[in-house]
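Visitor: Model the full structure from these sequences, guided by the hints.
Protein chains: 2
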Amino acid sequence: MSTANLPPAGTPADDEGFRRRAGALLHSAAGDLRRTSRSAAADLGLTDADYAAHLAPEQGFSWDLAQRAATVWPLNERDLVPVRNDCPRGVRVLRATESASSARVFQRGGIDYYEYRATAMSRLASFRPAWIRMLSVVTDDDPHNADVHWNNGHMLYQFTYCVGPVNYYYRWNGRDHVLRMNTGDSIWGLPFSPHTFTARNAEEPAYVLALTYGGELMGDAQHELAALGPDTARGFALDTDSAAAAQGRLLRSYLDASALPLEHAAELSGIPAGRLAGVADGGTTLTPDEVTALAAALRLSPRDLLPVVPDAVDGVSVCPAATSRSWYHPPPGTATTGCANWPATGCTRTPAPWRSTRSAPTPTPPTRPSRPCAPTSTSTSTTSAAAPSGWPGSTAASGTKRCWNPARRPTSRRSSAPSSPAAVAATPPTPPACSRCASAAG
Amino acid sequence: MSTANLPPAGTPADDEGFRRRAGALLHSAAGDLRRTSRSAAADLGLTDADYAAHLAPEQGFSWDLAQRAATVWPLNERDLVPVRNDCPRGVRVLRATESASSARVFQRGGIDYYEYRATAMSRLASFRPAWIRMLSVVTDDDPHNADVHWNNGHMLYQFTYCVGPVNYYYRWNGRDHVLRMNTGDSIWGLPFSPHTFTARNAEEPAYVLALTYGGELMGDAQHELAALGPDTARGFALDTDSAAAAQGRLLRSYLDASALPLEHAAELSGIPAGRLAGVADGGTTLTPDEVTALAAALRLSPRDLLPVVPDAVDGVSVCPAATSRSWYHPPPGTATTGCANWPATGCTRTPAPWRSTRSAPTPTPPTRPSRPCAPTSTSTSTTSAAAPSGWPGSTAASGTKRCWNPARRPTSRRSSAPSSPAAVAATPPTPPACSRCASAAG
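For the protein sequence lines, the chains are H and B, in the order given. Counting in the numbering used here, the first sequence runs from 1 upward without gaps. Counting in the numbering used here, the second sequence runs from 1 upward without gaps.
The hints are simulated quantities; they were obtained by calculation from the structure and are not laboratory data. Heads up, some of the hints might be wrong.
[Stated by the list, open to error] Which bits of chain B does chain H cover? Going by a derived footprint, with three or more residues having C-beta under 8 Å, they are:
(1) 84 to 97
(2) 157 to 165
(3) 177 to 187
(4) 230 to 239
(5) 255 to 269
The model shown is predicted, which means the values in this text are computed figures rather than measured ones. Glycine included, each C-beta is placed from N, C-alpha and C at the ideal position.
Guide: Right, here's the structure in full:
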């Protein structure tokens with residue numbers, strides 16, 4: 001990986017902030033344990049002056065002291081180790097040239113399989129994106145092709161954004177699947193699902209942005225589960241075979257935690273005991289009114305009684321480019337007020353390039369190059385510079401389905417924004433200026 | 001604090017597990033960053049053999065290596081530091097005698113103010129309970145009494161369980177409050193709310209179990225917020241002045257994060273745009289059907305659109321003993337099947353002692369001491385041994401209100417379990433055996 005934007009080896013990022021927060025953490029941990037500075041110093045075998053020095057930002061972090069604290073106090077060393085802010089100016093930039101120079105080729109099964117390139121990443125986020133090019137070319141969609149080499153899955157969730165003729169293979173419940181992906185197609189996959197990628201031809205570029213992340217399960221939760229061990233970890237996985245089963249197990253977990261008999265919860269909530277038992281047994285779900293009443297009775301928020309609704313099928317959620325939603329932001333017709341960063345006359349908005357590659361040219365091309373709605377004074381914007389060549393690509397997307405999100409399908413609908421190539425050509429939006437330039441768009 | 005159950009200083013708890021997990025963490029972190037063992041070793045300036053040695057459980061954790069990794073890779077040292085499992089046998093025990101011997105007296109304002117005693121605690125949980133005795137005696141309820149010395153509040157939430165004539169003072173939005181607490185009364189308070197305790201007389205014991213905890217905001221979240229700084233941290237606190245305001249801000253945050261115009265979300269969900277704008281502006285809340293439709297449109301779980309419903313008033317939630325709910329577990333009439341740990345004939349169940357102290361003696365006293373529903377073979381049960389003398393206490397609880405949980409009050413109702421002293425005396429429950437001995441009760 002490129003070490004651009006990193007200080008020279010030996011000087012970790014944000015060392016001053018790290019030292020300052022390390023002192024504050026020690027002070028805070030001692031306070032949480034009802035230690036005065038004097039008693040904390042005594043516990044740690046330090047003089048008052050030495051202890052005070054450790055709280056000061058000038059003092060370097062001491063692993064020995066953290067280890068001593070983790071011995072005499074009921075805490076862990078990591079509780080005393082701060083994170084490093086490697087993004088003091090609000091952005092981290094990795095230029096396309098740096099990304100290209102970070103390229104590394106890895107082999108699988110004795111053949112060159114992937115080329116990896118670094119992308120921007122930060123110590124403040126558990127996201128681990130990478131640019132990955134498929135070097136193994138196949139001429140079929142057979143998951144057992146000799147040039148298809150699977151991984152064993154990994155701990156992280158993964159979004160994959162495809163460019164070119166990419167085959168995506170994934171295994172779920174022992175069954176192998178293959179998806180023919182094209183530019184703009186994307187997929188989301190669950191942890192520990194084995195998967196792999198190949199290219200369908202050698203002429204076109206075939207690569208992905210693989211955006212892996214840990215979600216709520218990395219960090220503290222993962223450390224705690226690791227210490228508790230796999231058997232205990234299993235117990236935290238409530239049944240989610242169905243919405244009713246998930247809600248039943250959730251309800252049972254609250255009743256058990258409170259040692260509250262179901263009959264008592266029924267009486268407190270006004271829900272008939274037989275009906276509540278049916279919910280707890282996973283036979284049916286609570287109505288909204290019952291959620292409200294039961295949450296009040298158990299002194300929870302209603303959201304606590306609603307399980308997460310998984311929408312993956314066979315461990316994945318697929319969004320083909322050809323049928324994905326599209327929209328404009330801000331919407332056509334938004335007042336063109338301009339903003340301090342970009343005058344109203346300057347911020348033309350054209351259809352997104354990945355849209356225009358799949359449609360006829362817009363009938364009203366901007367008279368100057370379309371620019372992102374961003375401050376002109378900053379030199380950190382990487383919108384174009386950091387985009388790998390060909391992203392978004394020039395390959396027409398194929399596929400006829402909308403996002404494969406069966407749980408959502410009944411209520412999801414086509415956007416009214418121009419979505420077919422013909423519609424894009426026929427109804428060009430009015431180009432408003434970036435009236436919400438400073439908002440979350442972008 | 002007592003160091004009972006801790007290994008001698010210098011040998012932190014669970015050192016073998018710590019080393020094993022440290023190696024696994026390094027391996028996992030390298031994999032997340034798409035490093036093979038060889039490329040990881042090269043990044044870290046190690047030979048392949050040295051790198052392999054660091055992955056092995058025999059190798060001690062190396063802070064220097066963690067620091068090197070945090071320099072060349074976009075991660076933090078703490079990401080490589082495991083937690084310690086100080087509870088390998090499932091329980092941590094602190095005997096009453098050990099607790100008493102841990103007593104420390106702290107002064108405030110030049111007078112002895114609190115006596116602290118340790119209670120059981122673990123590195124695996126962010127709970128920080130302490131036994132605290134009030135040494136400052138007051139004869140009024142004046143928060144400005146010269147013997148009342150406030151703290152500045154702290155980062156942790158706090159449950160407080162009272163024994164004896166305890167005055168609880170708390171400050172919220174600049175206003176001082178005093179609560180006259182008695183045995184069995186309990187209170188929950190928000191972080192950073194200044195508070196303090198005194199005793200109302202010197203004759204009776206007056207102490208509390210102060211159970212402080214960090215909730216979801218300690219650990220990773222707190223470290224991340226600390227690195228981002230207070231201004232950014234403020235931005236994460238969505239308006240919760242009302243349920244409608246909280247839901248409106250929550251909805252806006254999803255729309256902003258998706259760069260999805262409200263009009264588009266309205267169309268996708270079938271909710272009229274004017275109506276959805278009213279929700280986003282905090283003027284009204286979504287109906288359950290609208291939550292379902294909007295969650296589908298935004299590809300969220302319905303729970304994601306429901307804010308936490310705070311139920312604290314002036315930063316606290318108070319539960320007077322005299323009006324708190326009571327119930328039996330298992331409920332009277334449960335089949336007396338007994339269990340392997342406790343034969344059906346042995347596990348008599350009498351009304352909880354804190355109930356019987358406030359009522360006439362039960363008409364059917366057990367013929368042998370009532371025992372907790374627990375295995376007889378274990379020596380780790382502390383149900384009676386660890387309970388401080390006088391807990392539950394003998395002081396009659398006063399107060400006439402139910403738990404002060406206004407948000408819940410409209411729907412919360414009295415339990416059908418015997419609740420008044422007379423009722424307890426009149427309707428003793430049938431003593432069933434512990435048919436759910438191994439369940440979550442207790």
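Visitor: Are there three or more residues in the region 84 to 97 of chain B whose C-beta lies closer than 8 Å to some C-beta of chain H?
Guide: Check passed, 3 qualifying residues.
Visitor: State whether the coverage of the region 157 to 165 of chain B by chain H holds or is violated, taking the criterion as 3 or more residues with Cβ-Cβ distances under 8 Å.
Guide: violated (count 0)
Visitor: Verify this for me: three or more residues of the region 255 to 269 of chain B with a beta carbon less than 8 Å from a beta carbon of chain H.
Guide: The restraint on the region 255 to 269 of chain B holds, since 10 of its residues have a Cβ under 8 Å from chain H and three suffice.
Visitor: Residue count check for the region 230 to 239 of chain B against chain H: does it reach three with CB-CB under 8 Å?
Guide: violated (count 0)
Visitor: Counting residues of the region 177 to 187 of chain B that have a beta-carbon nearer than 8 Å to any beta-carbon of chain H, does the count reach 3?
Guide: violated (count 0)
The structure does not agree with the numbered hints 2, 3 and 4 stated previously, though it agrees with the rest.
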